[in-house]
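Novice: Mind the numbering: the sequence shown is residues 1 to 406 in the numbering used here, read in order.
Take these hints with a grain of salt, some might be off.
Stated by the list, open to error - Under the rule of at most 27 Å between Cα atoms (straight-line distance), these lysine-lysine pairs were calculated in the DSS-like manner:
hint	residue 1	residue 2
1	Lys348	Lys222
2	Lys35	Lys288
3	Lys129	Lys222
4	Lys120	Lys28
5	Lys369	Lys35
6	Lys55	Lys88
7	Lys338	Lys222
8	Lys377	Lys171
9	Lys378	Lys171
10	Lys288	Lys222
11	Lys55	Lys28
12	Lys129	Lys171
13	Lys129	Lys54
14	Lys222	Lys28
15	Lys338	Lys55
16	Lys369	Lys129
17	Lys288	Lys369
18	Lys35	Lys88
19	Lys55	Lys348
20	Lys54	Lys378
21	Lys154	Lys129
22	Lys379	Lys55
23	Lys28	Lys369
24	Lys379	Lys28
25	Lys28	Lys171
Unchecked claim - Simulated restraints on C-beta separations:
hint	residue 1	residue 2	range
26	Arg156	Gln234	24 to 32 Å
27	Glu84	Asp340	25 to 33 Å
28	Glu84	Leu391	28 to 36 Å
29	Lys120	Arg277	50 to 58 Å
30	Lys88	Ala58	28 to 36 Å
31	Glu117	Gln268	43 to 51 Å
Keep in mind the hints are simulated off the structure, nothing from the lab. For each residue, glycine too, the CB sits at the ideal point set by N, CA and C.
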Amino acid sequence: MTKFLLILLLFPFSLFAWNGSDHQLIGKHALEPVKSNFQLGIPVQVTPLSALLKKLPAGIGDIWHFSNWLGIDPGIDIEEPVPELMGKETVTPIEVLSLYAIDPDDGRDQNLFDRDEKGKPIARYADQKWFGALEGPNSQAFRHIEKPPFSFRKPRSTFGFPFRAVGEASKRAEIWFQLSQLAFELGEDYWGWRFLANSFHYLQDLHNPYHAGQITPEMAFKGFRAWFEWGRQQEGFVGTFAHLISNSHRFFESYVANPRGHDEGLKQQALLALEGRDFQSPLSSVQKLAEEIRDQSNNFFPSLLDAVTEATDPRLLGPITYNSDDPGADNPEQFLRKRDSFQQANQKIFRITHGRFASAGSIMRSVVKKSLDERGKKKTEELIQQLNQLLEYETILLDSESPPHQ
């Protein structure tokens, strides 16, 4: 029963929050209007990660220990360039902030488990146990999804077990922001912008209501019915509920990424909503900002889930698996249900998307402004110590007296 509550109420069963192209478009559209103000069009030199690492204390001065310190998979090449910038010696900050917002989906947050005495994978981090998977693509969920604490004022959207907030997405946004500040302080501007793009990723994830919500009572009822009709033979009890939410989640992301004209121009309006010159201020911390984003997205989740269910073919409530990943991704057009209620449901999907994109645009600009405003205010030792606290690492490793890595 406990396992049922854990997975039923969180549902981290889709790997990505937005389609990769949308992750990149969010930054591009959000920052283009302020490119001149923030000097985001002035090229910076592309430097190897080793240039940054050699300026760090010896204990984190190589890629393995650096990745281990950050709590990411050391086997993932976090230096790998996107195809669009392959081989370039200089890039602009707006290119980096847009194109590298996909970085944290590279596998760095996956397969982060320990093993017990029998060799069985066990959770390494406190919140992992609430998200089910410890291995494979879905094992990154605990860092890309975050459930807000239960609130009596919003019981339908916040009910879930445990009643506290669960997930590390907001904390990861703060970690990569502070790491970007460290890179800037050390004179490694390319990595400062790239790490800031990584912070963007988690902020963008939390703008997706599917990454901040739990199953609604209505969908739970559909899950029980599906389990009775076919799930008990194929998916099992918990797997049936996970299957339904995963189908809905994956459909939403692929449909919003490529509505194929069925949006009646609403997707373009959502992209335009990213643009502007407004800011959120003052920002106490990126983590606090991310938590506010999470809570806002959570408010929209029940309505969005209802709208997606209304707009789609009942097959998504059946045993088929909707595939949103290449190769062989499903065409969302084939799963639209064009009945009388479709237009209203479709408009609601894009109205919510419009609102979340508008918020994302303002947030991206605000975080860049915060980065620029805070530059030079903290010294290297202070930034490392702040990261050390966020990462819950032993301070002795980051003693400011440690010699630099040779």
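Novice: If a hint holds in the structure, say so; if it doesn't, say that too.
Specialist: These are the hints, each one checked on the structure:
Using a Cα cut-off of 27 Å, the hinted pair lysine 348 and lysine 222 holds, with the two alpha carbons roughly 21 Å apart. Between lysine 35 and lysine 288, the direct Cα distance comes to roughly 26 Å. Compliance with the 27 Å bound is thereby established for this hinted pair. At most 27 Å may separate the alpha-carbon atoms for a hinted pair to count; lysine 129 and lysine 222 meet this at roughly 25 Å. Note on lysine 120 and lysine 28: the hinted pairing is violated, with a Cα-Cα distance of about 43 Å set against a maximum of 27 Å.
For the hint pairing lysine 369 with lysine 35, the CA-to-CA distance comes to about 11 Å; that is within 27 Å, so the pair holds. Between lysine 55 and lysine 88, the direct Cα distance comes to roughly 24 Å. Compliance with the 27 Å bound is thereby established for this hinted pair. Using a Cα cut-off of 27 Å, the hinted pair lysine 338 and lysine 222 holds, with the two alpha carbons roughly 21 Å apart. Our distance criterion of 27 Å between C-alpha atoms is met by lysine 377 and lysine 171, whose separation comes to about 21 Å.
Of the supplied pair hints, the one linking lysine 378 and lysine 171 holds, its CA atoms being roughly 20 Å apart against a limit of 27 Å. With a CA separation close to 35 Å, the supplied pair lysine 288 and lysine 222 exceeds the 27 Å bound. Simply put, lysine 55 and lysine 28 have alpha-carbon atoms about 31 Å apart, too far for the 27 Å limit, and the pair is violated. Taking the CA atoms of lysine 129 and lysine 171, the gap is near 17 Å; set against the 27 Å cutoff, the hint holds.
Restraint check: the Cα-Cα separation between lysine 129 and lysine 54 comes to about 36 Å, which exceeds 27 Å; the hinted pair is violated. The hinted pair formed by lysine 222 and lysine 28 fails the criterion: a straight-line CA distance of about 39 Å is larger than 27 Å. Restraint check for lysine 338 and lysine 55: the C-alpha separation of about 59 Å exceeds 27 Å, so the hint is violated. In summary, the hint linking lysine 369 to lysine 129 is not supported, as the alpha carbons are separated by about 36 Å, beyond the 27 Å threshold.
A threshold of 27 Å between alpha carbons decides the hint, and for lysine 288 with lysine 369 the separation of about 16 Å falls inside it, so the pair holds. Taking the CA atoms of lysine 35 and lysine 88, the gap is about 20 Å. The hint holds against a cut of 27 Å. For the hint linking lysine 55 to lysine 348, the alpha-carbon distance of about 50 Å lies beyond 27 Å, and the restraint is violated. Straight-line distance between C-alpha atoms of lysine 54 and lysine 378 comes to about 20 Å, which keeps the hinted pair within the 27 Å bound.
Distance hint between lysine 154 and lysine 129 is fulfilled; the C-alpha atoms sit about 25 Å from each other, no more than 27 Å. Proximity of lysine 379 to lysine 55 is assessed by CA-CA distance (about 13 Å); at most 27 Å being required, the pair is judged to hold. Taking the CA atoms of lysine 28 and lysine 369, the gap is near 15 Å; set against the 27 Å cutoff, the hint holds. Between lysine 379 and lysine 28, the direct Cα distance comes to roughly 30 Å. Violation of the 27 Å bound is thereby established for this hinted pair.
With a C-alpha separation of about 24 Å, the suggested pairing of lysine 28 with lysine 171 holds against the 27 Å cut-off. The hinted range of 24 to 32 Å is satisfied by arginine 156 and glutamine 234, whose Cβ atoms lie roughly 29 Å apart. Between glutamate 84 and aspartate 340 the beta carbon distance is about 43 Å. The supplied range of 25 to 33 Å is therefore violated. Checked against the given bound of 28 to 36 Å, the beta carbons of glutamate 84 and leucine 391, roughly 31 Å apart, stay inside it.
The given range of 50 to 58 Å is respected by lysine 120 and arginine 277, whose C-beta atoms sit roughly 53 Å from each other. The given range of 28 to 36 Å is respected by lysine 88 and alanine 58, whose C-beta atoms sit roughly 31 Å from each other. Roughly 56 Å separates the CB atoms of glutamate 117 and glutamine 268, a value that falls outside the hinted 43 to 51 Å.
In this structure, the earlier hints numbered 4, 10, 11, 13, 14, 15, 16, 19, 24, 27, 31 are contradicted, and the remaining ones agree with it.
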